[in-house]
Structure formats: C-alpha cells, structure tokens
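Undergrad: Residues per chain are reported as follows:
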Amino acid sequence: MEPLAVQYDILRWIVLSPLLGAVVISLLGRTLPRKLTGTIASAAVGVSFFIGLAAFIKLKGLAGHGHGEQAAFLSDTLYRWLAVGGLSVDVAFAFDRLSAVMVLVVAGVSALIHIYSMGYMAHDKSYWRYFAYLNLFVFFMLVLVLADNAVVMFVGWEGVGLCSYLLIGFWFEDPEKAYAGKKAFIVNRIGDFGFLLGIILIFWTLGTVNFNEIAGQAPAVLVAGGSLATLICLLLFLGATGKSAQIPLYVWLPDAMAGPTPVSALIHAATMVTAGVYMIVRLNVLYLLAPAAMCVVAVVGAATAIYAASIGLVQNDIKKVLAYSTVSQLGYMFLAVGVGAFSAGIFHLMTHAFFKALLFLGSGSVIHAMSGKQDIREMGGLKKKMPVTYWTFLFATLAIAGIPPFAGFFSKDEILWKAFSSPQGHWGLWLIGFAAAGMTAFYMFRLVFLTFHGQCRADEKTKSHLHESPYLMTVPLMVLGVLSVIGGFVGIPEILGGGNGFHHWLAPLLGNENGAVQVSAGVQHWPHAVEYTMIALSVAVAVAGIFGAWVFYIKQPEKPKQLAERWPLLHQLVYNKYYIDEIYNVFIVQPIKLTSTFLLWKIFDAGVIDGVVNLTGSSVRGLGRVAARLQNGYAQAYAVTFLIGVLLLIGSFVW
Amino acid sequence: MAEQIFFYFFAALSIVSAFLAVTRKNPVVSVVWLISCMFSLAVIYVILSAFFLAAVQVIVYAGAILMLFVFVIMMLNLKTGMVGQLRNLGLKFVGLIAALLILRQFYSAIKGAGAMTGLPPRAAAGFGEAAAVGKLLYSQYIYPLELMAVLLLVAIVGALVLAGKEQS
Amino acid sequence: MTGFPSISWNLLLPQIVLLSTALFLLLLAVIYRGGGRSRGATVAGAVFSLLGLGVAAFMALAQYDTVADTFGAMLRLDPFSTFFTLLIIGGAALCVLLSVREAGGLKAMAGEYYALLIFSVLGMVVMVTAADLLVIFIGLETMSLAVYILVGIGGERENGAEGSLKYFLIGAFASAFLIYGIALLLGTTGTTRLDGIASGLNLAEGGSLQLVAVALVLIGFLFKIAAVPFHMWAPDAYEGAPTPITAFMAVAVKASAFAVLLRVLNVSLLPLADYWLPVMWTLAVLTMTVGNLAAIFQGNIKRMLAYSSIAHAGYLLVALASIDPAAAGVGNDPAMASVLFYLTVYTLMNVGAFGVLIYLGGGGRQMETLEQIKGTGFRYPLLGVAMTVFMFSLAGIPPTGGFLGKFYVFSAAVNRGLISLAIIGVLNSAASAYYYIRVTVQMYMRQSDEQLPGLPFSLPLAAAVLLALYGVFQLGIAPSDLLTAADRAVLFLR
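Residue numbers (the working numbering), protein chains in the order written: chain A, 2 to 656; chain B, 366 to 533; chain C, 20 to 513.
Rather than coming from a laboratory, the hints here were simulated on the basis of the structure.
Some hints could be false.
To be verified - Below, a list of computed lysine-lysine pairs in the DSS-like style, where the Cα atoms sit at most 27 Å apart:
| id | chain 1 | residue 1 | chain 2 | residue 2 |
| --- | --- | --- | --- | --- |
| 1 | A | K184 | A | K61 |
| 2 | C | K393 | A | K126 |
| 3 | A | K556 | A | K321 |
| 4 | A | K184 | C | K393 |
| 5 | A | K178 | C | K393 |
| 6 | A | K59 | A | K178 |
| 7 | A | K184 | A | K36 |
| 8 | A | K386 | A | K556 |
| 9 | A | K384 | A | K374 |
When you get a sec, could you build the whole thing from the sequences and use the hints?
TA: In structure tokens, the structure reads:
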C-alpha cells in the first residue's frame, strides 16, 4: 500500500530560511553590527526548527493504524527540476517519520550551536563570513535530510561537504588548515563518486530516484541477495564511508578539527558526518535485499568503532580525542544498521548528536578559557574555574560511556543487543562493540580527569586568564546537558519497562518490520535472562573503563608512562594512529603522483622542455625564428602522434 | 592502352616528385620538384577528361603559387639546410612505420572496392570542360563558391595581420 | 543538370548580417584613420561586433521554428542548427566582452581582430547549418583560418606565434585527411550530401573503402574537438593565444565541431553505428583520462584549462558513445540532448573562468599561473567567489550547471547500459576536482608574496563574468527551459 502523501506548503521554509539567512548575511554582513548578524543567523535556524516542530505535530496527527497512514509523510514539491529520457526529478521535500527526527535534531542542535558561536566567535575578524557559511551549511544539511529523491539528496550531500571544506579552512591564513580542508574535500570526493554511481545504478535498474518509488519497486525488481543489489549497496556505502568517516576513508575527520570548535561540534559530530547513516536507513529497503552488503557495513562499522577507540586512548589533543571518539561512535551506528537495527542506528545518531555536540562545545569552552591551547597535558584542575562546563561535560561523558540512565546508555545498549541477537548479528560483532565500549569509557574519563581534575599544569599566564565562558556559551551547554540526560528516555527498551517508542515511531518506514521484505529467516527469540545479562555486562564494562581511567590518571598518575615505556613500540604505533596517513601517502598518493609525472608529464605534455627550446629560439628573428620553432621537434612529434591516431582509427573501422 | 601507360607514368612521376620535394635540403630544388609534381597531376586530370581542372592546376599551382614560393625563397635568401630537418631518428622511424601501415590499409580498402557496382556512371559528354564546370559552379554549387570567396578574404586579412605584426 | 537553386534569402539573414558586420569591421581601421589601435577603435570594434552578433542572434531567434532546405539542399535550417547558431553567437558575444581590454594590447588593429572573430563565427554558423560535406568543409576552413590567425595575434606573447604555427600545421594535416575522406565518400556513394551518403552506403560491396572514408572524415572533426590522440595542439594553442581567444576556442570551436559530429553521425552514418559507437567509447575513455591526468600537473592555469577542455570533450564523447541508433525516436534518447545541454553549460563556465583570469590580469601584473594568483581571493572577493563557482561547476559539483551536465551525460550512458563507461567517467570527474579545487585553494588559502595591485573596473568584463555566473546557477537550479529546447532540437536530426 502506497504511503499517504499530504501536501504541506510551508515545508520548504524549513530549508529556505537558513538559505535566506546566508544570503542576507553575505550581502549585508559587512555593514551589520556583529550581534545582529549572529542573531539573524540563529533566528534563521530557529525558524527552521519551529516549522519542523509544527510539521512534526501535523505528522503525528496523521498517524492512524493502517500502514499507509503510519508511513504517511508531508510533501512539498517546488518544481520539476529535470526530465530527460525517462528520468524525471523534482525539487521536492518529504517530511516523514525519519526526516522528522533528523530535521528536529539537525535544526535544534544547529540553533544551539549558532547561539554558542555568537559567544565563541565574538572576536573573530571574519565573524559574518563564518555565520554565512554556517547558515549555508544548515541549508544544505536540511536539503539532505528532507530530499524526497536521491538526486536532491546528492545536492545536499555535496553542499554540506563544500561548506565543511569552507569551514575547516576557515582560518585560511594557516596553510596546515588549508591542507586539512583540501584533504577533507578530496577524500569526500572519492566517497561521493561511489554515491553518485549508486544513484545512477538505482536509476538504471528501477527507473526512478524517488525514495518512495525505490522502496516500492526494489523488492519486485531486484533479486534479493543478487549481485546488482549488493553492488548498489556497496557503492552507496562507499559514499557513506567518505561522509561518515569510516574505514578506509576516515582519515580526513581528525584533520578536520582544524576548523573552529563549534564547527567541529556541528558538522563533524552532530550532523554532517551522520549523513551516511541516515542515507543507509533511508534506503534500508535496498540494504535488506543485499545481506552481503549489510555484512560489510556491520564489519566495517565494528572495525572502525574499535580501531578509532584504540587511537583515542592515547591522543593528547582534546579535540583529537573527541574526533576519534566520533569516528568510533559512527562505527557503532554503522554496526547497528549493518545488523538491520536501523532504528537503533538512528536512535544512537540522535543521542550522539546531543552528547557529542555537548562534548565539543565543552571542549571549545575549555579551549576558549585556555587561550587557545588544546593539549590536555597542559590542563587539569579546571573543575573549580569552570563549573558549568565541567558538569555538562561530565554528563555528556557519562552519556557516551553508557552509564544509565544517561542518553547514550539506551542507544548503545540497543546496538550491542541487536549486534548480538539480530539474525544478521554475530557474537563476534558484539564482542568488538563491547570492547570498544570499555575503551570509550576509559578514554573519555581520561579526558575528564586530565582536563578537569588534579592540579592545573598550565603556565602562569594561561592560568591567570582562566574563566568560565559567557552565558551565550554556557546556556547551550546546559540545554544539551539536559538532552544528554533525558534524551534516551524516548527509546527505553521494553525489557526495562519502557515502550521503546522511538523504535515504534520509525518502524513503518523500515522494510523488515512491515513485512515488505524479509531476507532473514526465522527471527530467534532470546530469553529475557540473556538480555538482562547483556545490559549488565555493558554497564559493567563502562564502569570498568571509568575505574581504569581513575586508577591511571587520578590514583597512580605515573602508571601510563610506565606502560608506554614497557611497550614503546605498541605505544608509538597507536599514538601515531597506526601510521595510516603515512601508509596512504607511500602506497597511494606517491605512486599516483610518480606515474602521472613520469608518464604524462613527459609524454603528453611537452610544455616544460618546450619552454627551454623557446628561450633559445626567441633570439632568432623572422623566418629563422619560425624555422627554429619547427625544428624543436614537437610539431613533428604531434604529427606522428596524429598519424598513429589515424592508423588506429582507420584500423578500428576496417578490421 | 596508351591511356594506361600515360597514367602509370605520370602517377609514378608525381609520387617520385612529391617524395623528392619533401626530402631535398635545398629549398629551391624542393620547389622545382613540387612543380614537377603539380604538372604530373595536371596530366592525370587530362587523362580523366577534367580539362578545366588541368588548366587551373597548371595556371594556379604550377604557375602562380609555386612562382611565389620561389620569389619568397629568393628574397629571404634561404640557404641549404635552413629548412627544418627532423633530427629525432626514433620519431622518424615511428612516423615511417605508421605511414606505411596506413598505406597498407588504403591499399586493401581500395582493392576491396574494385568490385563495387554502385559507382557513379562514367563522365557524360562535355564533362570537365570549362563551360560544364562553370555551369555547375554557378548553379548547384553557387553557395560553396561564394563561401570560398569569404574564405579567401579571411586568408588575405590574415596574411595582412601577420605581415603587419612582423613589421611593428 | 539542375538549374539555379531556389534561394530563400531570409533564411540566410543571420549569415548575411555576420558577413556584413565582419566587412564593416575591416573598414574600422579606415574610419579611425591612423588610430586603428586606439582605445576608441577598440571600443567601437567591440560595440559593432556585439551589435552585429545581436542582430544575427535576433534573426536566428525569429526563425527558430523554421525547418527548411535552401540552396539546393546545401543548407538545412532547423531548430538544431538554430540552437547551435545561437549558442555560438552567444559564446562569441561573451568573448567579445572579454576582448575589450585585451584587444588594445595586441599588435593587430582592433577592427581586424574583431573582423576575424566574426568571420570565424560565420564559418561556424555555416558548419552547423550545412547539409553537405563540402559546405561543412569550407565553413570549417573559414573558421579555422580565422582562428589560426587569432591565436598568433598576441602582442608580446612569444609562444603565440608558436602555438599558432603548430595549430596551423597540424590543422592543415587534419584538413587533408578530412577532404580526402570527403572525396572518397563522393567517389563511393556518389554524393557529398549528408542524407545522400546514408543511402549511398553499401557495405556489402567493397565497403571497406567507405569505412576508410568515414574514418578520415571523423578524424577531421575529432581534431577540432581535441580528442586524444588528436589533441596535441590544444595546450600550446590555448596557452599561446590571447586569453579571450582561448575562451573562444574552448567554447565556440568545440561547440560547432560537436554540432557537425552529431549531425553527420545521425544523418549520414547511422547505418554504421556498430562501427563508430565502440570507437567513440574508446576515444571517450582516452580523452577523459589523458585530459584529466595531464591537467593535474599544470602550473599555468590557461594550460590547465586547455587540458580540462580536452577532458570535457571526453565527457561529451561519452554522450556520443551512448547514442541509441535504434531508439524509436530521438526523444527517447537522452544522449544527444545531453550534448547540447552540456555544451551550453560548458560555454558559460569556461567563459566565466577565463573572464576572471583576464580581470585579474588587469592590474598590470600577469595572472596566469597558480603562483601568481595566490591570495587574490581575499584581495578581490567578488572575483574569488566567481572563480570558485566556475571551478566547482567545472568539477561537476551541485547546485551548478556543471553537475547537471555531467549527470545527464552519465545517466545517458547508464541508460544504454554502458555502466563501465559511466564509472570511468565519474572516476575521472572525481579526479578532476583535485586540480579545480587547487585554483580556489591558491586564491583563498595562500598569501601573496607581494602587494596585490588594485584592479581597474571594467564594465564589459564584469558583465561577461556576471552573465556567466548567472547562467551557471540558472542551469543548475532551473534547467528545464534549456532542456526542453535541447530535446526539441535533436528531434530534427533523424
């Protein structure tokens, strides 16, 4: 049964409002007072949030009992974008249960980060440019989540990448930051190429790029488990690994921390990097047809989760720790969607947006107070100077560590449980996730202890400047703090007496729950005791991680050093992020450069040597000069190449 | 029979002349061989009963254009060896091989086409005389003819521009 | 024997206007006696060129829906030819705008410069309107001769003469192949008329000569679009030419050659589709790959854009390789319409990029290499933004027209089941982002070594850049009008 579509004209303003903000700011930003610029930008995103809220209420009102009503969505078509050769694409937005969650999270967190930025960026010389980019980013992000077809989604997808590139390189003067921006852009292009090919293949096989039509036709057209479905899903997943920083394309995200901290919070934690997860859930029908691809997703997710967590254990830059933590948490989300627990993936996406945004904003507050220093070895004892930052940071840390009843506990626990119990799951996947959870608790509390507890190790000058951040920054922290505490309550599992409302809310959109697709044979039912045990284990490992961090960094601070000395190689290996950047450089970047330099530069481009000949040639005047130019040999080389071309072309016609 | 002998003789002469024209080091000698090549082609046109074309060939190419060449060479006082020589032997060799292979392609293609029946009929009476050509040029081919005028104008303007540039 | 052909003069009006404009411009040097290089002559030349192009475009627009043969079917006027006439005139008009500042610095008189430009436009219009290979050839030669001269016209440029000479020599080489091919086709099919050739093709009897002839004719056109391996001249000619002429070559010459290719392939050579489709496939892959890989290593932006233009020819060849000879109607085959769309977008973004380069060079400081444009993005913010947009469009990033162009071309390929070709194309386009993005990185993220001078305002340049900017966004966000026009235009090819 086709889902019910309800026209809802104001939907477009969710998207257009930040665009308008960006346009106004870029036109008038130079002349407007700073406060006003920030207010316009924040208000523009606020408007999106409230329209999103209105749409959410309307959507809720539509929910009846039939499938069509439950999967109902609000739609708003702007115009027909292109129509050629059987392909027609509208610029259209669809607000269904999934995009509702995404819009509220994106617009809500964005609005808070905008407000925070008004304080954080108050003294930056390119204040207006920053807000213009930020608004533009929100525009593209909302296009991405509201798009009703893959091509419009791709526009948003590329747009957010573009803005992230602009914002990473925001402090342009620093070449290292410019390099980070370029790296992010190029790595993302590799992923985007996969995504684009995936879209093209979808269009080729299904004749449509509209999400609803894809969901409707895929099960009938594609063979479940067939190679075509698998290929499409793997290509799409390649796109997801680029945008969501998964192995092997995660390398750009830690470098992306070169951008301003609120940008890291918004783009590289809460919103853009989760686009890959969102995309897979959006196309879950396709993935359910390709169990092999789902397996790849789950394995890559689990591997990324533990790999990035292990790097996070030893980093000393506060933002780098959070960056690797983000990569690791994204790995959890992919683990979830890979085992078919789509709603758990989105659930973790949401709670992660709250607590990770909070962690980044908190770290921004710390960096702000530390006069720009980011090395946690120089911090310590900040608890007393910055109480609000400390307490909110602690809440977020408890949430990410998975301590009940904080938000992260419910989502992470559901992922771990599904990784174990789902038909696509495996105890091995669970074990990796479980171990990574312990590491997460450890490195996050290491961060907390080193930053906020103990003695302050900063120099005197920095010490004298230590202060709590202004209200514009602390209020968003508090709001996010509250969300990090209560955000998980929407998805309390049934076994703990909740209704798992979040899961039921998304269920109508997820292929396997409505019976449209059923790849997995018989769903196994587990006794309650197993589930209780699992919950207890995941809490226990989190507590163990916290305890370990306490022992290492509070009780016996000399311990970590001893360990590093005992296993210097291992420490070096992990500290240097397994030398992946270097390996990429040696095995991928350099060979490409060398090949191209030697083969192409020498054979196909005569410019350099040519220039030398010109220099000698220019001393001869008149016809002599012409003759000299002819004699440099290149004209003849061109003619001979041409002749070979003629030979081959005739050959391809005659033989 | 005589026609065939004539054809083969002048065809061979044109090829030899062309070859010598491109290989001689002295530009004046090259031009002389080029004149010989043009003349041989004119004879072949006559054999094909394209009399007007033959006359034009002699007057325009052998007459006007090549005389111009000789003048230019004399005025610029170009000496032996000033015309570019291809020094890169490897390139020369590759070029030669490619040219020979292309020749081979042409040969087999033309040989294969010998059996074609759908070829245009043999020339009608009066074909190739000035009157017939003129009639065609000024009726059916009036548009390309006029266009050629534009093309020649562009060539003149271009020559002037380049000459002017060289002066200043 | 046929009599004098019937002539519909009004169908020729655009060509007549162009010819009169060119002739009038030649007289400009006389009008400005002794001052053919003066500023007044330069401006007057540009104004009259624009006027002529405008009137010609208006005439062409007025007969947009006309479908007619004239001059005994030497010319065929239909929406396809008119589409390209308008595209070429539009591209040329933008290049005239780009020329106003540059033309003053040339050794040639302003009048001659513009006259040659208009002459080559006339040649192109003839090419796209022609229905006979002979006419196509003469049009092509008129265009080429004028462009050879324009490439070498640059004042102080040492490499201008060299680029021009190489272009000319290799061009003459290519023309020889083309005319030989035409002659062989005439010999074996009895006609040079495009539609006559299709019915004259007879592969059963000694057709290999016909195939050789077809190959030779295609070589002539492939040379003009700089398809690998017939591309070697392009970087030298592009780099050596005055920048407005580089833009002109990149857009107008390429557009007219593609128009001719489309028409010849569809009207004359459709029965041979099995032969040329795989050839186009191979050429597309070669051209894209060589163009992109070579572009990565260029320090000179003009040379980089030359290789980029080779790569774009490759993308367009992807569309030619995706033509469906058996499509029930051309309307069901997006391949050809995508060529028209792509060329339009390509014209705009290239003219824009070259326009920014010329504008940057206005401060008396050469701005052609990546080194030289360091830090210009901050010094000249609007130019920086414009260049960024053009580079993103060339790289195919939404929401610019460049993205839609590529999307069309690749979906046309997928539509025909050429998945591997589409994959190679998308990979290439991903790789190309690297060198396009480097331009913006240089502009924004590097400091200039010296103080950058202020740039004098130039109305024509600003107008050209803004028009291109508008067009690139317009075609990315609301392309439907152009698409409809392109769809309709290709209907007249079969």
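Undergrad: Look at each hint and say if it fits the structure.
TA: Results of checking the hints against the structure:
Distance restraint check for K184(A) and K61(A): the Cα-Cα separation of roughly 42 Å exceeds the 27 Å cut-off, and the hinted pair is therefore not satisfied. Using a Cα cut-off of 27 Å, the hinted pair K393(C) and K126(A) holds, with the two alpha carbons roughly 21 Å apart. At roughly 25 Å between alpha-carbon atoms, K556(A) and K321(A) fall within 27 Å of each other, so this suggested pair holds. Between K184(A) and K393(C) the CA atoms are separated by roughly 19 Å; this keeps the pair inside 27 Å, and the hint holds.
Restraint check for K178(A) and K393(C): the C-alpha separation of about 16 Å stays at or below 27 Å, so the hint holds. Among the hinted pairs, K59(A) with K178(A) is inconsistent with the structure: their alpha-carbon atoms are about 44 Å apart, more than 27 Å. The straight-line distance between the Cα atoms of K184(A) and K36(A) is roughly 33 Å, outside the 27 Å bound, and the hint therefore fails. With a C-alpha separation of about 22 Å, the suggested pair K386(A) and K556(A) falls inside the 27 Å cut-off, and the hint holds.
Of the pairs offered as hints, the one joining K384(A) and K374(A) holds, with about 17 Å between alpha carbons and a cut-off of 27 Å not exceeded.
The structure fails hints 1, 6 and 7 (numbered hints given earlier, in ascending order).
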